[in-house]
Amino acid sequence: MSYLKKTLIILANIFMFGACTGDNDLEKDLEKPTISVNYTDGFPQGCSELQRGNTYTFRAQVTDNVALAAYSLNLHHNFDHHTHDDQGAVCDLEQIKTAVNPLVYLENFQINEEDVKVYEIQIEVTIPDDIDTGDYHCAYSVTDQTGWQSRTSIDIKIVE
Amino acid sequence: MYFKILSIWFFSLCSIAMAQHAPENIKGVVLNAKTLQPIEGATIMGKGLFAISSKTGTFVLTNPNKDNCVFTVSHMSYAPETIHVTDNLEDNNIKILLNEKINTLAEINLYGKTEQRKAMEHPMVATLVSKTFLENNRENSLMQTLEKIPGVSTINIGSGQSKPVIRGLGFNRVVVIQNGVKHEAQQWGNDHGLEIDQYGVEEVSIIKGPASLMYGSDAIAGVVDIKQAKTPAKHSFGGEVNLLGESNNDLLGISAGVKSRKEHWFYTGRLTYRDYGDYKVPTDKINYENYIFELHDNNLRNTAGKEADASISLGYIKNNISTETTFSNVNAKNGFFANAHGLEVRNSSIDYDSDNRDVDLPYHKVNHFKITNNTKIKLNKHTLLMDVGFQNNAREEHSEPVPHGYMPTPEDSQERTFLKNTYSLNIKDDFDINPQNHFVTGINLEHQQNNIGGWGFLIPEYQRTTVGAFAYHQLEINHNLHLMSGLRYDFGLMKTKAYYDWFQSSVTNNDGSTSQVYLQRSLDKTLDFSNFSGAIGLSYIHGKTSYKINFGKSFRMPLANELASDGVNYHMYRYERGNLNLQPESSYQVDVEFNHTNQWFQLNISPFVNYFDNYIYLNPTPYYEGVLQIYEYTQAKVFRFGGEVKAETTLFKKLNLQASAEYVYSRQTSGDKKGFTLPFSPPLSGLFTASYQFKDLSVITQPQLSVDYKITATQKEIVPPEEETEGYQVMNLSWFANLHLVKGNQPVKLKAKINNVFDTKYFNHTSFYRLIDVPEAGRNFSISLTIPI
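Protein chains in written order, with our numbering: chain A, 1 to 160; chain B, 1 to 789.
The following block holds chain B by itself, in its conformation from the complex (with noise of 0.2 Å):
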């Protein structure tokens, strides 16, 4: 390790006014010499006196020495200054200036690297997710707020629930991660949204490739990893208060967060609800296979919900250890639109349109506890981190009970539940063996149960458990040149249950003659996994220029759903047949990653090349069951390529551009389906963002008008049973500004938005409603404030 000596100096202008003569009590105010701003927090000591100046920037001394009162001002980010109080102090109000320290660095060498430098560094291609770009960006979801990211798209169902797709490929090939444990929801199905509160988010990081290696068996497409909150100031407490009203589905959200901290203890809280009506689509009626649904004003009917989220973390930092341990709940409630879910077209008596904030039938209730806690320990060259999580993920879905088949009508509207338990462990040994090699070693155990109920079945009850040993070494070449190479073995158990239904089924025997018989759903099977997945990747800094390639090999076990589901999907209107001689998949990905930042512009171009030996897929067959097509889980080699362009540049100081595209090309290179793509595959788009910054106009700063216009190319990339979606033009504004309503306070964050400008109707490709023709939300004004306590 190389030290060199660090200089600094300060330099300070003495400012100070004052006068004459000590009174009883000395009063003052400590100003910023430059804007006359009070400064909050400034130190003041002398012998035997001691303030700390309030927000106004006022302090009181009492009892100074009369004949020789002498005391020093200092503040963090200000030069500190030395008063002398002579006793001809003409009134007792001292005003006190402080300048902004200047620190002049002669020579300067940092043990630590800057987080951007980090990431410049490591070969894998990742996407930092920042607060600020979260609160700017902020839509119904944390996934769809994720959307701008070029390469990340979602599946959504309704207006509040999306789920993550990375390049093209969501569901259980993406590992949603927060606070170092792999978030369990129910991540298999179409309508499960993330379960996760998103105004306790403070930062993401996205990873667009396979990440077996580090995340396990599901990262195969990639990872999204909601990094911790970051620990609070020593002695500091802060909030704010989150308010947001929308227009299109009356939303009306509140959202209130705490975080303090003492010496070494440090606390953070958050309440958040949320509630809204049916959302408006730009028709007044939805034709699904010849079947006509006019909708009343615009409503997308059933589809309101709740959302009522809590969540708390406790923890203690010192020295080299720090823990931190956070409860959370999630709760919510959601409608599904009511005529055709299920793919099923139904009539009801319920009356949906008599109101459009209460959701009735079919609907779903949704739970999500989760405890987790993190520690880390600092042991000179090594830094040990520990995981652990509980979570317990408890859904209810309900919808009309109707006889179907042979399934005669039900008692109760409970058609499914799911009721989950996840326990976690991750244990990481980070050792600096030097400064040029650095070496991680880890395990992950996951143990998960999934029980279920209700009179629908779709997959069986399983107990699954999973382990996973990794390792891997960075190695800085030379101070520009990076290398990480690593590997991980994984071991999985599944044990799936019988299912049999709870009706009688009638079948035709082989003699001709039939019988009704209790058809068997599913095997009580034993099935073992395992795998060997690794990477290796290269990083090169030139200049301003960064250059990354990452080859990586990931997998992914196979679900419950796939291995053993033998049955009717109501949800889907369909058969699906599972395959117990499923392997894990395995997945090859080549990525490049070429950044080039300049003061006048940046690019950033990431191309990547992937192919499946064996994708699982849903494959719609020729055949029936019953009157029911079959759907049936295959594994086909799939060839993908794709990639972003992302470019940026700052006009006049002024105006920010933007622009980016994705694309991604997907083919099934064997199988029944060959020559076909992969469902739900993202059209070509195109983002466009032109940012303008004004003046500040008195109370109001940074005031910035933005405008989004999105271009989607037409999707003509189908598999049965989809359409092909047409492209589409949405334009998005949206106004931000602070706003200093009381003097000496954080200034009110204000947000104004219009999202789809010209209330367009659109499809899209990706979204769950656009199997039964459903456009996308219309126009909709929204706004929020951030107000700091």
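Looking at chain A on its own, in the form it has when it is part of the complex (with noise of 0.2 Å):
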């Protein structure tokens, strides 16, 4: 038995040896950044409704731990209902209708500043005069230096 108990004695020291070369104690960033619209300025809110040929500013509140990176903002038609938003509140959707002209906006942006923790996004987008009006989606993302994203959507509504 003196083998089995040499034998013991050599694979608790392998897996010590492991133990100990581990963590070489990093700072690791395991948290998301967080994204909202639920505030004063926030823009848009749940089922609001957005006329042709004005300019807006697309407002969001977004924090992190670490440093924030880049944002995105997604405009894209919901006229086959294919999408709802995480508001909360349901908005009452149009018929299911087929694109003609739809609105799309696709763009992203980066935080250049160093370790910024707190940013308000403000993103001015001009509603063009000739696209489909209806419902759209407004999608919001972000991301942080480790790689970590939310993101939010909301309903709207594009009106004559």
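Bear in mind the hints are in silico, worked out from the structure with no lab data behind them.
Virtual Cβ for every residue (Gly too), placed ideally from N, Cα, C.
Check the hints yourself; a few may be wrong.
Derived EDC-like pairs: lysine to aspartate or glutamate, alpha-carbon spacing no greater than 20 Å straight-line [stated by the list, open to error]:
hint	chain 1	residue 1	chain 2	residue 2
1	A	K32	B	D412
2	A	K32	B	D672
3	A	K97	B	D250
4	A	K97	B	D412
5	A	K97	B	E411
Cβ-Cβ distance ranges computed for the label pairs, FRET-style [said to hold, decoys possible]:
hint	chain 1	residue 1	chain 2	residue 2	range
6	A	D130	B	N451	39 to 45 Å
7	B	D613	A	E113	32 to 38 Å
8	B	F390	A	V100	46 to 52 Å
9	A	K97	B	F688	37 to 43 Å
10	B	T465	A	P128	48 to 54 Å
11	A	Y56	B	T465	52 to 58 Å
12	A	C47	B	N581	56 to 62 Å
13	B	Y709	A	E113	50 to 56 Å
With the hints in hand, could you dock these two chains into one complex?
Below, the structure is given as structure tokens:
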């Protein structure tokens, strides 16, 4: 049985060796950034109506525990009711219809200053005069330096 | 070669009941002297007389010599009897009682070694999985069945699909071998199953560690080697029908297999069909990124599916040659959870809840056709093995056509198709130089062509050709000490094909203007890779204890998607960018195995330490392409260690207790995610099993009750975009028994099982659906019957 004991000691040592060489006490960022339009200036709010030809400032509040990196805004039609938002309120959707000339807005922006932990997204968008009116979808997303991402989306309408 | 005299005595006690006069025909019955059970297949031979006893042990000899009738009754497992029939037989029914053969061996030296001994001597750390284990633990897919083995886990999607993970590594880092040929499905993807009919599987060998030396590229984390079915015995016919019913997903399954052999020719055949509904989870709503999905009747909507498999093999065996050709086809259709497919939250006008058995969009269809030939020729001290394979892997993914970004609404639901043809050839020469020296050389050739279709782009079309040559040497230093060393060289050529979007996207030029272009997603490129790999290992057997140590370098060639993808992965809702500068991944590993078996208990400990100098990792970057986060293939140094412990004991010859634990630690030690673990890291877990063997009860024999208790720790080791997964405890109960329904026939095997007895709601960190917060399946009652034919 002495053999057995010896072996167990050797194996235990291998495990120990592994355990000790492990964590080099790196501060790991395990937190996602946050994103919200649920404040007074947040825009758009759920079910809001946007008029063609007008210019709006899209505003959302983003935060992170370490450093924010980039964000994006996505406006696309929801004529087929394929998606619904996560704002809680249920908007009255119009009839399902086929898109002819829908608005597509896909842009991303970088936060170039270092170590920004709180930031307000402000993006000016002019709604063209010639696009289809109807149900639209507004989706924000934000990343932090580590590569974590958060998203939020809002149901809106574009009207004449 | 040493050879000593082998002497065998047969002891037999004769007890013959026979009597006086010889009639026209002699009828009789052959019985086991001890149990009085009929003996089938006993040969009754005399001068001009021949019969074989039936299932009920009866036989008839026609026109015997009335004056002097002598015949011999013999059977492989019994001592032969010689019967004299005189003319004063009272009735013409003879009862012949045979005694089981008792062999006394004075001294014996065997040429061959048992498989168990060979496995002990082989320095590579491998686990053999028997047919009994597979039968007793059978779950919905082969990999879920094998998950009970410490160190093996799975990445699951839905109820019927899972892919192997060995010590935390999966996808293309684990090779699956069937009939000697590398099984090619769509290993790289999250939501592709194994495409193997688990009912045809008899024996599996699992190598938990780098095994490129023998299995080539991709065997960097381990191998699941599905062994060829055993050649049936001469002049035999057998088969079985398996029936399975499950309550959780209303599954009905049937599988029927036959195998038979004449003198030299043999064949096997199997048909399997399974049909199942949506599976149930112990929750009525699912919360994903603040979206809430209500579930109808706890059904995970649209996860129903069906599977139909067929296989047939034909073989010939004579003297030193054996050859077997196998044709198999696996066909399946599965739905995917409808509300968050591709991690994007969706509404749909499809009424998913009207029927829990229909498969609506999104779903996939796969068909895997395979032909393999395995030929073995023994020439003196050489054994030549040749495996030839052709595989056609066709997969279609369908989802609702919706516009996305600049992509307009596609015309149909065909999101993606993959059509992959793979040709394989392996030649191996096993050379027994002398009993102490064993030398194996071999080459592996593989050519693969992947074609794509559909409106969604994920990986480009490609052609891949690989050639590998290896040699290894097994040396018996002394009876208990064995050394193995080997080297391998591989060369691979990868040709990717250019791909352009079928729709135009708006691009901002340098001067600030915008233009509409068909974006290029992959390049026309020819890349080549080469690599040396090798292994050296030592095994030492000391009485009831065996020790193994193995050091190996393994490698993996980068895949087409890792090299050349450049586009939106709608499946995962992200932008994936390949990297043409990726080098073959290489991994160095030390494996140790310690095993002690005595009459009271068995203990097995298998730790490992592993280092990757360039692990290929899909890194989530902080940047965007359009509005999707960019994930980029990069290479990072990775350090890992871990291992498994397993202990087993049997008390009072009736109660079997098993306990096992597994753990893996991974760290990226360079690159953007330095300090983070790897994706899909399995948490620390333990499995306790207690089985109790009850007494036989009339026609019910070997009734056994078994309880499994799995304890899994919280997984805090995560990397974006994963979430921490809480620990959980799950209990399963099974009951096995043999039912002797028809006397003289083989018994029907019954298994009744309850999975997740307490309907616990828990999350599996390595499940694809974990990313969208879908819990694992709820309580499931299943019953299966194996009926011999």
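Each hint, compared with the structure:
no.: 1; hint: A:K32 - B:D412; result: 37 Å, violated
no.: 2; hint: A:K32 - B:D672; result: 16 Å, holds
no.: 3; hint: A:K97 - B:D250; result: 38 Å, violated
no.: 4; hint: A:K97 - B:D412; result: 18 Å, holds
no.: 5; hint: A:K97 - B:E411; result: 16 Å, holds
no.: 6; hint: A:D130 - B:N451: 39 to 45 Å; result: 41 Å, holds
no.: 7; hint: B:D613 - A:E113: 32 to 38 Å; result: 36 Å, holds
no.: 8; hint: B:F390 - A:V100: 46 to 52 Å; result: 50 Å, holds
no.: 9; hint: A:K97 - B:F688: 37 to 43 Å; result: 59 Å, violated
no.: 10; hint: B:T465 - A:P128: 48 to 54 Å; result: 52 Å, holds
no.: 11; hint: A:Y56 - B:T465: 52 to 58 Å; result: 56 Å, holds
no.: 12; hint: A:C47 - B:N581: 56 to 62 Å; result: 49 Å, violated
no.: 13; hint: B:Y709 - A:E113: 50 to 56 Å; result: 53 Å, holds
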